[in-house]
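**Student:** Below are the chains, spelled out letter by letter.
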Amino acid sequence: MYTEKVMDHFQHPRNMGEIENPSGVGTVGNAKCGDIMRIYFDIDENQIIRDVKFKTFGCGAAVATSSMATELVKGKSIYEALEVTNKAVMEALDGLPPVKVHCSLLAEEAIHAALWDYAQKHHITIDGLKKPKADIGEEVEEEY
Amino acid sequence: MSELIYLDHAATTAARPEVVDAMLPYFTEKFGNPSSIYGIAAESKKAVQHARDVIAGSLGANSEDIYFTAGGSEADNWALKAAVDAYKDKGKHIITSAIEHHAVLHTCEYLEKNGVEVTYVGVDADGIINLDELEQAIRPDTILISVMAANNEIGTIQPISEIGAIAKRHGVLFHTDAVQAYGQIPLQVDEMNIDMLSASGHKLNGPKGIGFLYIRKGLKLRSFIHGGAQERRRRAGTENVPGIVGFGKAVEIAFATLEERMEKETLLRDYLISHIIERIPYCRLNGHKIKRLPNNVNISFQFVEGESLLIMLDMKGICASSGSACTSGSLDPSHVLLAIGLPHEIAHGSLRLTLGEENTYEQMDYVVDQIVEIVGKLRAMSPLYEDFMKKNRK
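Residue numbers (the working numbering), protein chains in the order written: chain U, 43 to 186; chain H, 47 to 440.
Hints listed in this document are in silico derivations from the structure and should not be mistaken for laboratory results.
Yeah, the Cβ is synthetic: ideal placement off N, Cα and C, and Gly gets one too.
There is no bait here: all hints are sound.
Below, in silico cross-link-like pairs of lysine-lysine (DSS-like), each with a Cα-Cα straight-line distance of 25 angstroms or less: (1) H/Lys436 - U/Lys163; (2) U/Lys163 - U/Lys118; (3) U/Lys74 - H/Lys423; (4) U/Lys129 - U/Lys95; (5) U/Lys129 - U/Lys173; (6) U/Lys95 - H/Lys423; (7) H/Lys337 - H/Lys310; (8) H/Lys138 - H/Lys266; (9) H/Lys134 - H/Lys263; (10) U/Lys95 - H/Lys436; (11) U/Lys95 - U/Lys47; (12) H/Lys423 - H/Lys440; (13) H/Lys159 - H/Lys266; (14) U/Lys95 - H/Lys437; (15) U/Lys163 - H/Lys437; (16) H/Lys263 - H/Lys136; (17) H/Lys127 - H/Lys214; (18) U/Lys116 - H/Lys423; (19) U/Lys47 - H/Lys423; (20) H/Lys440 - U/Lys95; (21) U/Lys118 - U/Lys47; (22) U/Lys95 - U/Lys173; (23) U/Lys74 - H/Lys436; (24) H/Lys335 - H/Lys310; (25) H/Lys437 - U/Lys74; (26) H/Lys76 - H/Lys254; (27) H/Lys127 - H/Lys263; (28) H/Lys423 - H/Lys362; (29) U/Lys47 - H/Lys362.
Listed next, the stretches of chain U that the computed footprint assigns to chain H, with coverage defined by at least 3 CB atoms under 8 angstroms from CB atoms of chain H: (30) 52–62; (31) 65–77; (32) 90–99.
In isolation and in its complexed conformation, chain H is listed as follows (with noise of 0.2 angstroms):
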């Protein structure tokens, strides 16, 4: 097989042909800023629109509740900074989870440093949030509860409905990062009791740069980037019109798919999870085995070491990603594992495998071929291996 496996899908996606081509008019004939008056300007303006209301009604939201942004990163800031600053007559506590996406584990972390108080509310063994924990953390001064809808590691999906619920109950604003989630799975704010949202265009085979935060109406959120009267006023910034119509068209095609998608995906996932764990001995699957997301895969081969299993699929082809302290650019693993309690070492041998719709069955038994191969031969090279095997022998 010479052709390239993308089994990377949860860290970006390429825009389909169908949103490249809705996107392109917009960089040139139809360039006109949405601020302007003249003809090709309304169309601009027109284009954001519909690609606003298409998002809306993905989530079962109004259009004027959607706010563009640069990508999941900046809404997931905007999110927490403002609900912080908004609502400092209230209190200075929020309550998060210890498996979020670094957008909003560093930004608490900023947020700490300037007098909030930030609970982190842990997981279990398969990285699903505990309620308990999380509805007895709430205080008279807590403002916000942010949980993501789904990880982007272990790809376990939290209960966002019980969250919601409790954050309704107890009259705290709940933010959800639903960067891996949205397109995947669905979700409907009003349901859900979600007051803000952050989503990303990459993730689901729209563009990069662009992403949004919805914001429920009636919430004091303010600015977060200064400057024009751009999203009503709350987010400035010449709209990046090729960006927002290429993630509506994305949107588009995500939703009319997404049942079709999430049933077959589910099944090349387990295909997947059951032949590697069938042939290869000691390794484990991390995350929920069935309330996890569609398209991941995440499994811990003991004895190996993330980084250079990464490096030998890459040579055959194979794009995938690994949880080890390596590919991190620090010594320790991710802090998801570590927070699922798996050892440093098991953390350090973990490999995630996130499908596409383009992904086949036959593409699964090769990617299975080169990993039992691949973790046989880092296990000969392994000194812990090695001791382990000794050890039985005993």
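The shape of chain U in the complex, shown without the other chains (with noise of 0.2 angstroms):
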């Protein structure tokens, strides 16, 4: 059902964990479709990510997802760091399976929400990045 690399990721989690005092946290989904990521972000003074860590509550593929969305953003900008797509996150993993998209999604929002808790800790706009949704996980469901 997974691919290798998903199942190397839920095995062997990169990043997970949590911050203390971070520069930003974000936290996405809700218990009750079975997801929940939250991704804590040390941005140091130039905006960069300095270091990540993740926390989830969800299936294989969410907890391999947020795993390679901290391996994705780790070390770069902030601006660098909105870029990462769910797509990116999937073609990272080397693919998901379809019901499994939504997780992508949600990785991507986590960055998002963690980004938009640092933003407004730090009275700053980045430009592009929008409110995260308080849950996605209703609306995703649609998409497939």
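Quick one: dock chain against chain with the hints and give me the complex.
**Tutor:** Structure (structure tokens):
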């Protein structure tokens, strides 16, 4: 059902954990649908993501997409992080089963939510960043 | 432990060697069509009749009331659709429970689209049907009550005799989906006032692709599959002779060992349940503590999601199943777990372990150790657990 890369990231999640006093933290999804992702950022004064951690309640694909998303943004600037799409996460994992595509959307949304929190805390505006939806589970269902 | 530990007997079971041995000649030298006239055909016919007798005997039924089908789902579809068709002059209302298998629930939904009215009676927190609600739901135009003998997910055994008595008192037909219960607990069609009963071969160490519908004599039910005159003109199609023979053999063995097996599996079941609950905080047993199938364990672990749990168990050589959304291909967790009142997030963290006679106490110890480790690992990863612990510390 899952690719080797998905299984690898599920079995050995990268950057799992939390960051004390994070520069930004975002939580997306809902327990009703069975997926919740939280991403923590430690962002330095040059707006570079120095460290990133995640916690996820969800299926194998939810864990793997969170793990891969953290890998893709680590060491990047906040603007580069903003460009990481769900497609990029999926491609990096060599694909996801169709019913699990929403997990990659959740990962993209979690990055945005954490960036939004960072922007709010530091009173800045990140061009191109929209206010994250509080709950994307319900509407994503219709997409497949 | 490098062997495979199979704890998903409610999904399917392996055919016993005796079952396979009994079936094999009917693929090759005894391949005759039971409807033909020559000697080898007569042998096939005799073998089918023998299996029918064995199965009828296990239910206290007449042999001619057993109709072989391609499985449990066909039997359920037939019972409901044909009853609605046969008794449409009386009415178009049927009653079922909220926790039926999809073979019944989706058939009901189909019938609703065709003008049939369906009442879905609720269950209590243990998954037992509310008998008062059931009786009150009966109307003058009610033709059928369909309630499963035991639930496939949480193992709760329904008060079948009481439901049968209610149905009889009101002159309503009673069908029970016994796919999960048949061969696991005793069922008697006359004592329990069962008019129709569905069962399947592969749940009791028989082959897949074979089942039957018991139809009490005198019921007007017509064919579901039209064609030849097989099964007393009620189910067309050349008999699946090897399947029927294998099913008969499996039933013979299952009922010869029923009491002993029930006793042994109940002890093993309760051992597994108590060890999991003692060692893991924030978990709960789903289904009735005592009125449950001897081989069913269903436990929800808070803050973890079922599919992750299953993949990690699989990596440890343990086969299990879950009621989480991710294993059902939708975003909703099991309708059974929601019907017994579990919140969505707890329903997502359910684990079903169903035992078979080959399972041992040694295996249970290993399985419990693995579950403890895996639940710990997943909780460490869970934002829900993090929030819960932070709240508790305050």
